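As you go down the protein sequences, you meet chains R and A in turn. All residue numbers for the first sequence refer to our numbering, where the first residue is 1 and numbers rise by one. All residue numbers for the second sequence refer to our numbering, where the first residue is 1 and numbers rise by one.
Don't take each hint at face value.
To give an idea of the interface, some chain A residues facing chain R are shown, with a C-beta separation under 8 Å as derived from the structure [to be verified]:
| hint | residue |
| --- | --- |
| 1 | N183 |
| 2 | G187 |
| 3 | Q327 |
| 4 | F328 |
| 5 | G336 |
| 6 | Q339 |
| 7 | T340 |
Since the hints were derived computationally from the structure, they do not count as laboratory data. Predicted model, so just to flag it, every value in this text is computed and none were measured. Beta carbons are placed, not taken as given, at the ideal position from N, Cα and C, and that holds for glycine.
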Amino acid sequence: MRVAGLFLLLVLAGCDAMLPSLPADEGVLAGPLEELSGAQMASHLVGDAAFARVFSPEEGLGPLFVAASCEGCHVGDGKGHDVTTLTRFGRFQEGLFDPMLAHGGPQLQHRSVPGYDAEKIPTGATGVTRLMAPAVTGLGFVEAIPDQLLLDLADPTDADGDGISGRPNWIELPPWVNPGADSRPQGSRFIGRFGKKAAARNLVHQTANAYLQDMGLTTSFLSQDLVNATVGEATGDTAADPEIRSDEFTNVVFYLRTLKAPPRRDIGDPGVISGERAFEQAGCVSCHVSELRTGPSAIEALDRATFRPYSDFLLHDMGAGLDDRYTEGSAETSEWRTPPLWGIGLAADSQGGQARFLHDGRAASLEEAILLHGGEAAASRTRFTEMSEQDQADLLAFLESL
Amino acid sequence: MKRTTWILLIAITGITSASAQHEDPIYNRPFVANSGATAIGGYLEGNTNYFSEDGVSEGFSMELRRFNIFLYSAMGSRVTFFSELEFEHGTEEIALETALIDLRLSPELSLRAGILLPPLGAFNQNHDSPRWEFVERPLVSTEIIPSTLSEVGFGIHGRLPLAGLDAGYQLYLVNGLGNGIVNNAEGRTHIPSGRDDEAFGEDNNGQPSVVGRVDVRRPGLGALGVAYYAGNYNTWRVEGDQVDEKRGVRILTLDLTSSAGPLALTGEAALAWIDIPESLSELYGHRQAGAFLDVIYPFYSGSLGSLRDVTVLAAVRFEYADMNVGQFREGGGDIGDEQTAIALGVSLRPNSETVFKLNYRYHWQDDLLGNPIRLAGVQAGFATYF
Chain R
1 MRVAGLFLLL VLAGCDAMLP SLPADEGVLA GPLEELSGAQ MASHLVGDAA FARVFSPEEG
61 LGPLFVAASC EGCHVGDGKG HDVTTLTRFG RFQEGLFDPM LAHGGPQLQH RSVPGYDAEK
121 IPTGATGVTR LMAPAVTGLG FVEAIPDQLL LDLADPTDAD GDGISGRPNW IELPPWVNPG
181 ADSRPQGSRF IGRFGKKAAA RNLVHQTANA YLQDMGLTTS FLSQDLVNAT VGEATGDTAA
241 DPEIRSDEFT NVVFYLRTLK APPRRDIGDP GVISGERAFE QAGCVSCHVS ELRTGPSAIE
301 ALDRATFRPY SDFLLHDMGA GLDDRYTEGS AETSEWRTPP LWGIGLAADS QGGQARFLHD
361 GRAASLEEAI LLHGGEAAAS RTRFTEMSEQ DQADLLAFLE SL
Chain A
1 MKRTTWILLI AITGITSASA QHEDPIYNRP FVANSGATAI GGYLEGNTNY FSEDGVSEGF
61 SMELRRFNIF LYSAMGSRVT FFSELEFEHG TEEIALETAL IDLRLSPELS LRAGILLPPL
121 GAFNQNHDSP RWEFVERPLV STEIIPSTLS EVGFGIHGRL PLAGLDAGYQ LYLVNGLGNG
181 IVNNAEGRTH IPSGRDDEAF GEDNNGQPSV VGRVDVRRPG LGALGVAYYA GNYNTWRVEG
241 DQVDEKRGVR ILTLDLTSSA GPLALTGEAA LAWIDIPESL SELYGHRQAG AFLDVIYPFY
301 SGSLGSLRDV TVLAAVRFEY ADMNVGQFRE GGGDIGDEQT AIALGVSLRP NSETVFKLNY
361 RYHWQDDLLG NPIRLAGVQA GFATYF
């Protein structure tokens, strides 16, 4: 009886002590913005559940797809993994980039529902790139950046002579994308800001594309299933379209919009403080701009808020080493949107413990990622390599703190 | 299915009032005339839950898991009927889990047909909660072996002496598992999702699956069983036209019941091989493996307050299930989607039919990519035959 008594005592002494503890806030990417109202929080949570929803073929998954859920690629709202990395392809014809739409381009869906052939990269594709899923936290801040601020950051002709010539990706919008009242178009083209090439205007644009291209799920915006054009399987699936109801879609967009900015860690650490100085001295901040400010927003936490993404969300030439001969919008094939560095220190937590960096995850460490920078970033890379070992370590410690 | 269920219920409730109405043709049936050979029973189980996943808890809740009704009838000395009607979470899910007839030709040979529990391991046929010290069923027996698996089928079973041992065998043809093994909302290979009530009416591919088990028992040593299940699970043809390749599922199980001194040991292990379309590989597992072992120690027998002949037991369960055995093609490394768990329990049995349980569980889980998830919780539960 004493054993039972001890057991009971252990249980009663505190269930919580026997349960997994909540990680510290700064150690977790996922979570809502502060100051959401009750109704906003309810919508956020419904969107959270929809973001995690795993789809079956009966619910519309496929017939071609990459992953069966949003969270399948963005585990814990974090960066992706090789197994869910996207492949996109295209070719140049007469100097123009052809996304090979008639051959199932530009995105490869290398998975398919049973009985259906998955896509393969068609012969003739000259540009093939792999795009690792990014973290999705803080996207509401990015969406709320005024176009004018991005234009102010841009220096397409390198007028200041610093070797950095960021520019927006000017993209044509499908008719269902509302560019917003404060947009600053250039003719018929608008500034893109989401995606590795900044080819999506806003979260509605990005999310509808992701539902269709990544999961084969139709929405009211994109209501036709993908088919494998290369083998003549012009059949869709057996689920009624749109497969994602508008309320589910809206809640997922709201969820993405109201995710918190990735938290910092070890801010007061002397090495981190020193590393931030080294980061600035190396010129990294020319593209990885530390601080931006949003415009007006109906969501209080996003309304004219200062945030620290470490990005200018502009395109930069990254050199031949990162040129995949693939592009979107008006970007050159060697140009990539500056990825925000916030949350980079938590990358491994969603990647099975082994962090992978750069657009396709080719870098296994932050140092390797820095050394793979070229083009406009070559000078900063050189400054990094010329630093003392201590300064390099501090700079890396600073990045880990983001 | 529901109509069948209600007809059965009405039949059950009619037993008590029917005997006085033999003149009416609808009561002129053998089960009324021979009502002494019919028995009704069942079991009830419920529990509380308080779990936390990575520090996030949904709080405290209570659930009534199952209310199962058994109906048994013997028609003479050779023919028996048994059925089990299951209500899960009230009336959230109602299922006819068993409805079978046995024709006993000899101790060595009986014929069985109907909705039966395939002998895929020992747990699937021996899963009643009052028999177990833990609220939760073993992972391997529910996630890889899809207990409770009911199938329409027929076959033979029997027991015979073999080299000083008591040996048993069962062999059945059944409709088999369905497309849900892959076409499911789990986003991974999930054999339990291949259970399909429509298979009680029609096989989805016109090719039955086969399941068999042999076991040996020796007093003082315990029992050892080996079972194998094989069949095609997908709808590979429709109206005679081929629409897909045939894909099969095979499951091998090993089960053990034994003792070591005062300790009672019960365990089960399973290996599963599943044909998966190449276009789903890595996300969907081709192989699965798992095992559990329960160690039970009865540390008190006697009176407890006003209760007499009480038994109090301590129990520990070790379990493991890997839902996707293999390595990533790119970058290497183990594919995750696995969990290891330990459960501790104390149970009180005021009689042989009833048990009150107090359990603590801790799970070390890895998602597909190997990201860790920690889940733990406390459960108090009860289960009783009636």
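Now the hints, each set against the structure:
{"no.": "1", "hint": "N183", "result": "5 Å, holds"}
{"no.": "2", "hint": "G187", "result": "4 Å, holds"}
{"no.": "3", "hint": "Q327", "result": "11 Å, violated"}
{"no.": "4", "hint": "F328", "result": "6 Å, holds"}
{"no.": "5", "hint": "G336", "result": "7 Å, holds"}
{"no.": "6", "hint": "Q339", "result": "13 Å, violated"}
{"no.": "7", "hint": "T340", "result": "14 Å, violated"}
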